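S.K.: Listed here are the chains, written in short residue letters.
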Amino acid sequence: MNELAQLVDDLCSRSTGDELWRNLEDTGLARLTTSQGAGPLEAAIVLSGFARRTASVPIAETDLLAAWLAGKAGLPVPSTGPLTVAIADATEVDGRLTGTARDVPWPSSTVVLAARTADALHVGLVDATSHGAIKFDVAVGELRTVDISVADELTRRGAWARCNQIIGALDAACEMTVAHTGERVQFGRQLNKFQAVQHSLAAMAGEIERARAATALAVAAAADYGFDHPATDYAVTVAKVAVGRAVNPVTTIAHQLHGAIGVTAEHRLWLATMRARSWVDEFGTTASYARRLGRIALTADDPWDVVVSCPAPR
Amino acid sequence: MSEFDALCANDAELGQLRTSIREFLAADRAEFGWQPAVDCWLAKWDPDFSARLADAGFVGLTIPAEYGGRGLGYLHRYVVTEELLAHGAPVAAHWIADRQVAPALLSYGSEEQRRRLLPRIAAGQLYSAIGMSEHGAGSDLAAAQARATRTDGGWLLNGTKVWTSGAHVAHQIVVLARTSPLDPQHRHAGFSQFIVQTSTPGITISPILLMNGEHHFNEVLFEDVFIPDDDVLGQIGDGWHQVTAELGFERSGPERILSTATLIFSAIRALGDVDDGVAADVGDLVARLISLRQLSISVARTLADGRDAASRAALVKDLGTRFEQDSVELVADLLDYVEEPEPLRALLATARVHSPLFTLRGGTNEVLRGVVAKGMGA
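From first to last, the protein sequence lines are chains A and B.
Counting with my numbering, you get residues 1 to 314 for the letters of the first sequence.
Counting with my numbering, you get residues 1001 to 1378 for the letters of the second sequence.
Chain A with its partners taken away, still in its complex shape:
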C-alpha cells in the first residue's frame, strides 16, 4: 500500500496534465479497479493521493464510475483515454428518452450517459461537450438497460470517491497552512507561535481527522462488502455528512491563516480549497445525506444501534 502511495507521489512529481494522464494509463492507475483487479483500498489511496498533490485527473470518473457502469451494462467503451459519466433523470415519451445531465465532471471526456427513469437505468455513449450540461434525446433502443439499483450504486460510488478526494484536498490545505504559518513572520514572531493561530490549526486538524475516520469506515465497508451493500450505504452516508461538514471550517481556516496571498490565482491553495468546496456538493449534497441518516436514526429500534454500526434492516 505504501508503494502505491509512493507511486502516486512520484508520478505527480514528474508530470502534470496530459503527460500525467498518459503516465496513469502506462502504469495502470487510470483503470485500477476495472482492469487491474484492484479494489476499494487501492482506489482510496490513489484518489486521496492525487487530491493531496492537487493533481487534476479524472480517475474516479474514468475507473470507478464510467468504466464500471459500462461494464455493468455491457457497453463497449474505449480502453484508453479519460471517461466520465453524465447522470440525469430522464423522461420516456414514444420510445425516446429526453433530459439534461448537469454538472457533468470532465465533460470533454468520452461520456457515458446514465439516464434514470422510474424503474430502470439506461446507459449509452453521448457526445462530449466543452461545458458541464449535456442535453440528450435518444431512442430507448439505442441505450442499454440495467436494474435501477445500479443507479444507486453509481451515486454511492461517486460519493465515496469524493469523500476520499476531499480528504486528500483537505490534507493539502492543512499542509500548506502549517508550512505558511511556520514561515510567515508578523510582530516579530512566526504566526504559529500565536496561541490564536495554534488553536485554529488544532481545530483544522480535528475536523480533518474526524472526517478521515468516517471515510476510513466507508473504505473498509466497500473493501469488505463491495459498493452494493447496506453497510457500505450506511458508511458512505455517514462519511458524506462528516466530510461535508468538515470542508467549510477547514477551508475557511486555511484561507484565514494564509491571509490575502491565499486567495490569489498564483498561490496553490485554491487548488485544494476550491476543489474540496466543489466536490462537496457532488453525488448528493451534505444536507441530503444528513436527512437520510436522520431518517435512519429516527426509524431505528434504538438510535444507539445506528451509532455503533450499520443497523439491521427492518
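Just so you know, the hints here were simulated from the structure itself, not pulled from any lab data.
As the structure is a prediction and not an experimental result, all values here were calculated from the model.
C-beta: ideal position from N, C-alpha, C; glycine also.
Please note that a few of the clues may not be correct.
What follows is a set of in silico ranges between Cβ atoms, one per label pair, in the way DEER data are often shown [said to hold, decoys possible]:
no.	chain 1	residue 1	chain 2	residue 2	range
1	B	Arg1115	A	Val185	57 to 63 Å
2	B	Leu1247	A	Arg189	27 to 33 Å
3	A	Arg277	B	Pro1341	37 to 43 Å
4	A	Gly132	B	Ala1270	42 to 48 Å
5	B	Asp1336	A	Asp281	27 to 33 Å
6	A	Val185	B	Glu1112	36 to 42 Å
7	A	Pro230	B	Asp1336	29 to 35 Å
8	B	Ala1143	A	Arg295	36 to 42 Å
9	B	Ala1270	A	Asp228	44 to 50 Å
10	A	Asp152	B	Asp1305	35 to 41 Å
Using the hints provided, position chain B relative to the given structure of chain A.
M.R.: Relative to chain A, chain B alone:
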C-alpha cells in the same frame, strides 16, 4: 475478519461482549429501576450497582486474572464502557478506580499493592478519588504545591487539593505531591504519587457544590498526614511521568463523547413524524457522533497496539467534549417537536449544569489544542 466490524468495535468477541453487557443492563434496570442519567460517570454513585456490575464480570476487564480481573484487552473495556455510558448507567462509584487507578497500579504499583487493591477494584468495591488540581494549579498542574516530606517509615503530606470528585465517599485518594522543591528549570521533576486512605488522621474533606447544589467535588486539606512507604505509588520523583504517560487512554475514551448520550437518544426516540429539516438536524447530530466514535476507536486501537497517539487523543477530547456541549443545545431545539417533552426537560436541565465541565475536566480544551498544534510543528 471484517475490517468494517473491527472499526465498529463489533467483531466476533467484542460483538458478543456488547450483547452480554446490553442484556445485563436491561435486566438490571428492570429489576432495580435506575434511571438513565446524563454525565452518569460523574453524577450517579451507586455502590450496589457497581457490585452487581462486577459480579457479572464487567468491572476490572483489563486487570489480569491473577489479581481478580478478566485479563481482557483495552478494546473489550472500551465496548463495555461505551455501553454503560450510552445507557446512562450509575457507574460513578467504581469509575475512577477501574479507569485510572487500576492501570496505574499495573504500570507502577508494587506487587503488594496490586494484591491488596486490584481484587477490590475488580469486585467494584474500592472507590478512589484522584488529587491533582490545587487552588493555584489548574491547567498548570506543575504549579502544584502539596508536598510530602520524609519521616520515619514513610512520608508526611501537607497541602490542599481541589475539585477532588467523590473524595467524600471514596476509600482512598491518589495524591500527586512534591517530594523535592521546585526547580524552575525542571518544573516537572520532583513529583511523586501517594495512595492515601481517606480515614487517615489529618485529612479534612469539604464539599464544593455545583451550581445546582449537587455534591461531587471536594476540597481536601492534608495536615501532617502520615503515609507509610508501602503506599508510595511507583517511584519517588517519577510522579509527573506516571500521571501523564497514560493520558492518551483517558483523553480519547468514550466518556469524552457520550456524557450526553442519554439525552440525545431519548430525544431521538421521542421524536415522532418530523419534517426534512428536523431529520437533517438529527442526521447531522448522529453523523458527528458516529465520526467521533470512529476517531476514538481508531485511537483506542492505536494505543492498544502500544503505538503513540498522544496528539490524536488530545483531538478526540477537544472535539468530543465540544460535541457533548453542542449536543445539549441541539437537543433543546429538537424538544419543540416532541409531544411530551417534560421528562426530557429534566435531563436537559441537568445537562446544562454539567455542560461547562465537559471541556474543563481532565485538562482544558485550550491546553489540548496547544498539544495538538505542537504536534503539527507549531
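S.K.: Cβ-Cβ distance between Val185(A) and Glu1112(B): within 36 to 42 Å?
M.R.: 57 Å, violated
S.K.: Using the beta carbons of Pro230(A) and Asp1336(B), state whether their distance is inside 29 to 35 Å or not.
M.R.: Check passed, 32 Å falls within 29 to 35 Å.
S.K.: Is 57 to 63 Å right for how far apart the beta carbons of Arg1115(B) and Val185(A) are?
M.R.: 59 Å, holds
S.K.: Has the hinted range 35 to 41 Å been met by the Cβ atoms of Asp152(A) and Asp1305(B)?
M.R.: 37 Å, holds
S.K.: Confirm or reject the claim that Ala1143(B) and Arg295(A) have a C-beta distance inside 36 to 42 Å.
M.R.: 51 Å, violated
S.K.: Could you check the hint for me, namely that Leu1247(B) and Arg189(A) are 27 to 33 Å apart, CB to CB?
M.R.: 29 Å, holds
S.K.: Could you say whether the range 27 to 33 Å given as a hint is met by the Cβ separation of Asp1336(B) and Asp281(A)?
M.R.: Holds, since Asp1336(B) and Asp281(A) (Cβ atoms, about 29 Å apart) stay within the stated range.
S.K.: Does the Cβ-Cβ separation between Arg277(A) and Pro1341(B) fall within 37 to 43 Å?
M.R.: 38 Å, holds
S.K.: A range of 44 to 50 Å was offered for this pair. Does it hold for the Cβ distance of Ala1270(B) and Asp228(A)?
M.R.: Violated - the Cβ-Cβ distance for Ala1270(B) and Asp228(A), about 35 Å, lies outside 44 to 50 Å.
S.K.: State, for the Cβ atoms of Gly132(A) and Ala1270(B), whether the hinted interval 42 to 48 Å holds or is violated.
M.R.: Check passed, 44 Å falls within 42 to 48 Å.
Consistency with the previously given hints fails for numbers 6, 8, 9, ordered from lowest to highest.
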